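Participant: Chains as they are written, first to last, in full-length UniProt numbering: chain A, 1 to 331; chain B, 1 to 313; chain C, 1 to 348.
Take the hints with a grain of salt, since some may be wrong.
[Stated by the list, open to error] Which stretches of chain C does chain A cover? Using the computed rule of at least three CB atoms under 8 Å from a CB of chain A, they are:
no.: 1; segment: 144 to 155
no.: 2; segment: 190 to 197
[Claimed, not checked] Computed list of lysine-lysine pairs in DSS-like fashion (alpha-carbon distance at most 27 Å, straight line):
no.: 3; chain 1: C; residue 1: K83; chain 2: C; residue 2: K96
no.: 4; chain 1: A; residue 1: K275; chain 2: A; residue 2: K24
no.: 5; chain 1: A; residue 1: K323; chain 2: A; residue 2: K275
no.: 6; chain 1: C; residue 1: K342; chain 2: C; residue 2: K305
no.: 7; chain 1: C; residue 1: K342; chain 2: A; residue 2: K267
no.: 8; chain 1: B; residue 1: K202; chain 2: C; residue 2: K96
no.: 9; chain 1: C; residue 1: K142; chain 2: C; residue 2: K96
no.: 10; chain 1: A; residue 1: K275; chain 2: C; residue 2: K142
It is worth saying that the hints were derived from the structure and are not from the lab. This structure is a prediction, so every number in the text was calculated from the model and none was measured. Quick reminder that beta carbons are idealized off the backbone N, C-alpha and C, glycines included.
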Amino acid sequence: MTTVPLLEVRDLQVEFHTRDGVAKAVNGVSYTVEAGQTLAVLGESGSGKSVTAQAVMGILDMPPGRITGGQILYRGQDLLTMSEEQRRKIRGDRIAMIFQDALSSLNPVLSVGYQLAEMFRVHRGMSRRQARARAIELMDRVRIPGARERVNDYPHQFSGGMRQRIMIAMALALEPDLIIADEPTTALDVTVQAQVMDLLAELQREYRMGLILITHDLGVVADVADTIAVMYAGRIVERADVHQLYRRPAHPYTKGLLDSVPRLDHKGGELYAIKGLPPSLTSLPGGCAFSPRCAAATDLCRSQTPAVVPVAPGRVAACHHWKETLDAPAA
Amino acid sequence: MPDTTSIEKATGTAPVKVGAPLPAPAKGRSLWADAWHDLRRNPLFVISAALILFLVVLALFPSLFTDVNPRDGDPANHYLGRPELTHWFRPDWFGYDGQGRSIWARVVHGTRASILVGFGVTLLVTLVGGLTGLLAGYFGGWLDSVLSRITDIFFGVPFLLGALVVLNAVTDRTPVVVMGALAFLGWTQMARVMRGSVLTTKQADYVTAARALGAGTWRIMLRHILPNAVAPVLVVATIALGSYISAEATLSYLGVGLQDPTVSWGIDISTASNQVRNAPHVLFFPAGMLSLCVLAFMMMGDAVRDALDPKLR
Amino acid sequence: MPRQPDQREPILQVRDLVKHFPLTQGILLKRQIGAVKAVDGVSFDLHPGETLGIVGESGCGKSTVARLLMSLETPTSGQIRYKGQDISRLSGRALKAVRRNIQMVFQDPYTSLNPRMTVGDIIGEPYEIHPEAAPRGERRRKVQELLDVVGLNPEHINRYPHQFSGGQRQRIGIARGLALNPEIIICDEPVSALDVSVQAQVINLMERLQDEFGLSYVFIAHDLSVVRHISDRVAVMYLGRIVETGSHQEIYDHPTHPYTQALLSAVPVPDPAAREHRERIILRGDVPSPADPPSGCRFRTRCWKAQRTCAEVDPPLAVPVAFQGARGPVAHDSACHFAEEKEHVAHG
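Chain A extracted, bound-state conformation (with noise of 0.2 Å):
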């Protein structure tokens, strides 16, 4: 195989300078999208997927930020080796971005059409009337009720759902070939999250964009995703097609994440929960970052961390026993 994919992260190292000491945020990360899949990146808060995203977005707080290794490469170009202009070429036209929080995205004194308008003026070069024009379309297209008459409200007279289609409208507007997608529907209740992210596959699909989605959402995961990165204190334990990581997951932590979520088709009895707590970045502990909270640690998972290493085909975990938990029969 020649091809060269849309994006490929390789080695990824990013650090930050806290109070405490320096935080490996993002500790030698890998991964790849291609044109109309979708990744998912799961992870709980301080795992390190939202600073990867942000380091391949270039939209990382530096300082107190650094990225201290690593390639990404878009269609095969290192981003963090090319010129300033190069790079902004790249991002923001050809990779977009969804945030969480669309009120604080988007900018509360200008009109959403102005905002979407913008976009087409800035990097298409389009009249006033002709992007306006597009504006409207693209409200149109990501279903929004009645979008030439809203076009000139503002961004706090919309509801949170329709706030996010608007960001998904941006994000959009440039035909992008990467979308990254930062936990676009926690904020969103239940009902309008599926819209939500029933648009957004839909408008993948169409498009044929690769998608980059960043969540804590195991079920939302299971929905969408073509392949899953479970990322913990900054690294990837383990990566594979949705479908096998659901049903044999190679690493304890994906298993005893799985097993802790309760169930909406029956009751269930006491959860299955992960004793302890996630480490502290600045102070890991030695070998296998998730051994203290392991249950079938070992002197060798507190001594060496474990590599990344292929289990099946298309298919990598970080774990010195995955032959043992791939083969643990189902809680």
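Knowing the structure of chain A, use the given hints to seat chains B and C on it.
Facilitator: For chains B and C alone, coordinates are given in the frame of chain A:
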């Protein structure tokens, strides 16, 4: 008031989620202790604290630095005498003024008026403004409406112009009178800051939690709201202290502030301004002390703000 | 193993609870131009030792219900009876006495603890407010016991909240709620701010404490899976009203109200194999403003079954006519003119 807005902004920005619990130190450390810990490591604080300490010692014990009476002049021998910069701490170190008085002695003795007015006004303003702000913010309703209107009226009066008018009506302008006038015009600023801070704090869930436990008004106000609302007031007060000192000097310069026999930098600057062409040192030293003093408090305010800013927590 | 809810006299009876927040205009002369009908006629019972889950989307009034139950707001009308006594308009000493028995756990572990107080002072504050609950000399020991009960190190009594993680802070909040030995704990989204792996720990803790101390919970949340896991009975709220209520099997396995069905079908299920064959009801539009709710059935503007009757007649919360003769789990209270069962909405 740029001071308050920037504090609010700093509090509003979400901290960079580097996630993960902090490795808890062996002992409990309060936010105040954390702030103090940060403060001690801030060079801005160390320099300004040293300067302020020096100024306070000057104000309290001027006789430690000079035994010359700042009011006694010898115009015949010392009229506009040049400074002898190598004569450390001697009467002629900074030279002499138009009445042959030692400028060093006048600068040293002038510190007291400035520091007294600065601290006095700040204390009054913080107590009166802080209390009214706390009550208005907490109880709201008509009290808040009345207070807000009064604050608005005061806000429309330029601080210095107001002081000018008030003090012009008084013939005997001792430091206490000047202090009173400045505090009268300045307390509403502090009330505003406190009210805003209390309104934000009042929304916090821990205040609701205390109410749900059945806590009384005083307990909620003093244990839950005040300690959490006071930080911006402290920052504004520190910075304002410097501006009260410069306000006193300005008023004295204009002839409506302190009067002889009180020794004040402002009075000296005023007298010196006629002679600045042929004897710039007469203006330079009191003006320099004034600037140094104001700068010290501004720097201190900045350092305090950095330490109390929860951005890094 | 599901606990058998106690069939004795309910410990809490809520009847026709209404809370309208007036909308005013003008600065000096305020005049009322309308009202936000946050809670508009809510009734339910809570039995000793049981958990009543209240679910609904933002703006449905569930948090206002919590604040009313805690007497943090005074209801516009209606009653909240604790052991037969209406507590909704108490004040002073009588209210303080009732507060000992009804406590609350908050959603946000970062804002619900006073950052300037030590953990010991936070958990010990209930004893200072109610000195009769524990003699002065015993308070410190009691606080340490509570820390132990919620799974924290009793030696950390002198630490401050910012030295703990979110999950640990929520445990501190729970310990504070337990301090006065209450009978009822109102939980307003107690786990929604926590990470998945920590959420399970806190849910397990709350269930253990319920068994240990015989607590009754009103558990308010938007996460339907969590509510099913912890609740014996469930009430679904929409725009200030309860639209359907029943046991957890009745609501989750046999919902008859279209809103409940839509809500359940929208929950993403952590099972990718379910993607192909699940049927999702995607609701149109947004929740109407509680200041101007629709006439008749409040859900009719988004309902696919709505007919003229729905706009004219407000459906009562009762067993629907169609199921009145029926036995089994379909026969439960559902405020819909066209209530019907829909198979497998909550399944993968």
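Participant: Determine for every hint whether it applies to the structure shown.
Facilitator: We went through each hint and held it up to the structure:
| no. | hint | verdict |
| --- | --- | --- |
| 1 | 144 to 155 | violated (count 0) |
| 2 | 190 to 197 | holds (count 3) |
| 3 | C:K83 <-> C:K96 | holds, 16 Å |
| 4 | A:K275 <-> A:K24 | holds, 23 Å |
| 5 | A:K323 <-> A:K275 | holds, 22 Å |
| 6 | C:K342 <-> C:K305 | holds, 13 Å |
| 7 | C:K342 <-> A:K267 | holds, 19 Å |
| 8 | B:K202 <-> C:K96 | holds, 21 Å |
| 9 | C:K142 <-> C:K96 | holds, 21 Å |
| 10 | A:K275 <-> C:K142 | holds, 26 Å |
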